[in-house]
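Residue numbers (the working numbering), protein chains in the order written: chain A, 1 to 85; chain B, 1 to 372; chain C, 1 to 301.
Please note that the accuracy of each hint is not assured.
Unchecked claim - No more than 16 angstroms apart at the CA atoms, straight line, and that leaves these computed lysine to aspartate or glutamate pairs for EDC-like:
hint, chain 1, residue 1, chain 2, residue 2
1, C, K296, B, E40
2, B, K366, B, E318
3, B, K366, B, E267
4, B, K173, B, E9
5, C, K46, C, E189
6, C, K46, B, E214
7, B, K366, B, E345
8, A, K19, C, D218
9, B, K308, B, E260
I should point out that these hints are in silico values taken from the structure, not numbers from a laboratory.
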Amino acid sequence: MDIVARGIYRINLYRELCKACGLCIAWCPQQVLFPDAQGYPLANAIERCVNCKACERHCPDFAIEVIPPEPESEIADVPSLIHAR
Amino acid sequence: MHGNEAAAEGAIAAGCRFYAGYPITPSTEIAEILSGRLPEVGGVFIQMEDEIASMAAIIGASLGGLKSATATSGPGFSLMQENLGFAVASEIPCVVINVQRVGPSTGLPTKAAQGDVMQARWGTHGDHPIIVLVPSSVQEAYVLTVRAFNLAEKFRTPVIVLMDAIVAQLKEKVELPDTPQVVNRPLPAESPEAYKPFAFTEGGVAPLAPFGREYRYHVTGLLHDEHGFPTEDAEVVSRWWRHMTSKIDAHLDEILQWEEALLDDAEIALVAYGGTARAAAHAVTLARAQGTRAGLFKPLTIWPFPEKAMRELAGRVERIIVPEMNLGQIRLEVERLAGGRAAVEGVNRADGLAITPEQILAAIMKVSRLAA
Amino acid sequence: MKLQNSFILREYLRPQAFPTTWCPGCGLGIVMSSIAQAVHFRGLDKNNVAMVSGIGCTGRMSGYADFNTLHTTHGRAPAFATGLKMARPDMSVIVVMGDGDSMSIGGNHLVHAMRRNIGLTAVVVNNAVYGLTGGQSSPTTPVGGRTSTAASGSFERPMNLETLARAAGAAFYARATVNQTAALTRLIERAMGVSGFALVEVVSNCHVLYGRMNELGDASQMMKSMEEQTRRVNPVLLRRAAAPLRLTSAGSPATPVSTATAQGVHQDPRVPRGVIFERHGSRDYSSRYYAMLEQKARARA
Ligand SMILES: Cc1ncc(C[n+]2csc(CCOP(=O)(O)OP(=O)(O)O)c2C)c(N)n1
Ligand code: SF4
Ligand code: SF4
Ligand code: SF4
Ligand SMILES: [Mg+2]
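Start from the sequences and build out the full structure, keeping to the hints where you can.
Structure (structure tokens):
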């Protein structure tokens with residue numbers, strides 16, 4: 001497993017599952033991911049990641065995941081009048 | 001009670017709680033009767049869109065934990081072969097009642113025949129074990145249907161009850177046992193983690209956990225390992241074959257049934273099954289009255305065939321006559337087992353008419369003259 | 001509501017069966033992930049969920065999902081599932097089929113499962129081709145689409161599953177594309193809540209066979225064109241169409257308006273995605289059957 005953590009988010013790639021199809025790279029709206037020589041995604045611009053999970057959701061092989069910084073609940077728990085559900 | 005009714009009642013008595021079928025002469029009464037009887041006992045009756053679906057549905061229901069059956073006749077039996085093979089490969093207990101009529105194709109829909117004997121054995125593609133029972137009376141239609149469910153549960157295999165229209169439509173008195181002996185499906189003793197739904201045991205089968213418990217497992221028609229996952233590993237596949245054949249072969253004593261009449265001193269043996277065995281029994285009496293020592297060997301389990309008994313018989317008698325309402329399907333098997341020690345002949349017709357005792361008697365007299 | 005993929009893998013899939021046999025970039029993995037998430041969001045106990053699949057690349061899915069799984073024969077999945085659902089009406093039964101599986105060889109089973117309105121959630125993965133067998137024409141191959149059995153382009157009329165489902169009596173029909181992963185998950189989740197036969201058609205990519213033969217690009221390019229060729233249906237308009245406003249009093253003379261309405265309306269050639277129709281008041285066949293049994297038992301008592 002490659003772990004890249006430079007910005008606030010972390011990206012795990014499970015190489016044994018990844019088939020280097022490039023879908024995560026193609027669907028990342030932030031151009032975070034780049035293919036290496038064999039086509040495996042590298043999170044070279046992790047600082048641009050916004051945790052939209054487009055890469056994760058489009059991965060057909062469960063090979064990539066985006067890990068938010070530890071106390072995510074803190075952010076999620078901030079009450080918002082506008083988007084309260 | 002007629003044979004179809006006896007089979008339907010036998011199914012209920014054996015604990016059948018799911019029937020899926022598609023109407024076809026001469027088996028339709030079974031569906032009609034069960035459509036009324038099953039709801040009375042809290043069971044499910046469903047008329048499917050065809051026989052392919054009927055066979056599929058009973059496999060699905062069996063996995064859901066219900067004892068399941070379907071009934072059909074020739075053309076429908078042909079359609080069932082695909083999923084019958086699925087039930088064999090995935091070891092799902094179920095019962096198929098085939099009331100034979102004259103084929104091929106639509107054939108003679110209302111006329112009796114015994115032309116599906118080989119189809120019952122080899123109808124689905126690939127080598128496979130199978131159990132086929134043949135009743136020759138209404139009483140046997142009941143008893144053997146109960147037995148079919150028991151064997152299906154015990155050996156996790158589809159069991160075919162091969163009737164013919166003679167037995168299916170015959171009205172006879174039957175004695176129904178109050179509580180026939182019934183084999184129910186045990187739950188696995190082991191934990192879900194340790195459970196191997198398709199364990200390769202020499203001569204046995206793993207209990208089949210119903211879907212919906214904590215035993216989540218995979219069922220496939222692809223050849224699979226003990227956990228049910230597909231494999232192409234030749235070593236695993238050959239172990240699978242050993243398991244599949246041994247689960248039947250190790251229990252032949254229990255599975256095989258046949259009846260013998262007047263064979264002790266017989267020179268001529270009749271080998272007859274199903275509706276034809278009735279005429280054969282009569283022919284034996286007629287022959288004995290004329291001083292010819294004839295006897296009857298009547299298999300109730302036709303597949304696997306009672307090979308050992310047949311070999312012994314061939315060593316004891318001079319001649320074997322095999323009357324059947326087909327062009328000689330079981331005769332082939334008898335010839336093979338006789339191995340030239342007894343001469344084998346057939347009395348055959350496939351024109352929709354029953355073989356008469358007189359016809360068989362004539363054959364007996366002909367060979368007894370030859371012997372003399 | 002963001003799920004971690006590793007969580008899905010651990011909870012709802014069988015990691016020991018991975019990696020899948022599917023080609024790199026095949027949308028089938030996304031469909032499987034969406035089904036797992038839909039089960040999760042519905043809060044179902046996976047012991048009580050069954051996945052029944054047919055034969056094909058799509059059919060392979062049941063081997064990877066950690067439910068009670070049944071990989072049946074080609075096209076027969078709805079019939080197996082019908083038996084299972086009737087035996088275990090409390091179970092959530094998901095049926096996964098390919099386009100050839102569901103509409104060609106299994107067409108009759110699908111039609112009758114919809115007619116009976118039996119409580120199954122059917123997911124039809126439509127990649128417009130026979131994937132497993134190497135790219136032959138399927139019932140949804142578009143006219144002109146090249147396949148290994150129609151080298152110069154298919155000239156058969158493709159099947160319209162939506163119309164078929166309407167006519168046969170399905171309770172719910174939705175269309176999703178594999179690139180819209182969140183919508184796909186939501187639609188499957190919703191379909192699983194329907195009492196009766198719910199069908200989700202998932203437009204997926206077989207870039208390795210169909211894509212290559214028709215120069216449609218790689219997986220991501222095929223998914224991008226799904227984006228361009230489909231449009232989201234407007235649920236408000238659908239609701240209005242189902243229950244039109246009545247502007248005149250009930251007894252007033254009617255003027256036929258059938259010809260005028262469509263004039264000047266821009267026809268969108270794009271395929272709609274989202275919930276296409278839902279029959280209200282639908283009731284699952286298995287629950288109706290068991291209600292009948294109870295009624296009979298009461299009548300006898
Ligand atoms: C009775 C039968 N006929 C043919 C086949 C061969 N076969 C396997 S999969 C398949 C087509 C699958 O196409 P589709 O349903 O579209 O699934 P996909 O592979 O595209 O997901 C065929 C023809 C079979 N397995 N069984
Ligand atoms: S989470 Fe979104 S922004 Fe971050 S790498 Fe994935 S697709 Fe790109
Ligand atoms: S989408 Fe998944 S399998 Fe494809 S390259 Fe990215 S991580 Fe690998
Ligand atoms: S052949 Fe096509 S449908 Fe099958 S796994 Fe490959 S891309 Fe997917
Ligand atoms: Mg396909």
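How the hints compare with the structure:
1. K296(C) / E40(B): This hinted pair holds, its Cα atoms lying about 8 angstroms apart.
2. K366(B) / E318(B): 13 angstroms, holds
3. K366(B) / E267(B): Satisfied, since the Cα-Cα distance of roughly 13 angstroms is no more than 16 angstroms.
4. K173(B) / E9(B): With Cα atoms ~14 angstroms apart, K173(B) and E9(B) stay inside 16 angstroms; holds.
5. K46(C) / E189(C): 14 angstroms, holds
6. K46(C) / E214(B): Since the Cα atoms of K46(C) and E214(B) sit roughly 9 angstroms apart, the hinted pair holds (cutoff 16 angstroms).
7. K366(B) / E345(B): Status holds; Cα separation ~11 angstroms.
8. K19(A) / D218(C): 14 angstroms, holds
9. K308(B) / E260(B): 14 angstroms, holds
Going through the hint list in order, the structure satisfies each hint without exception.
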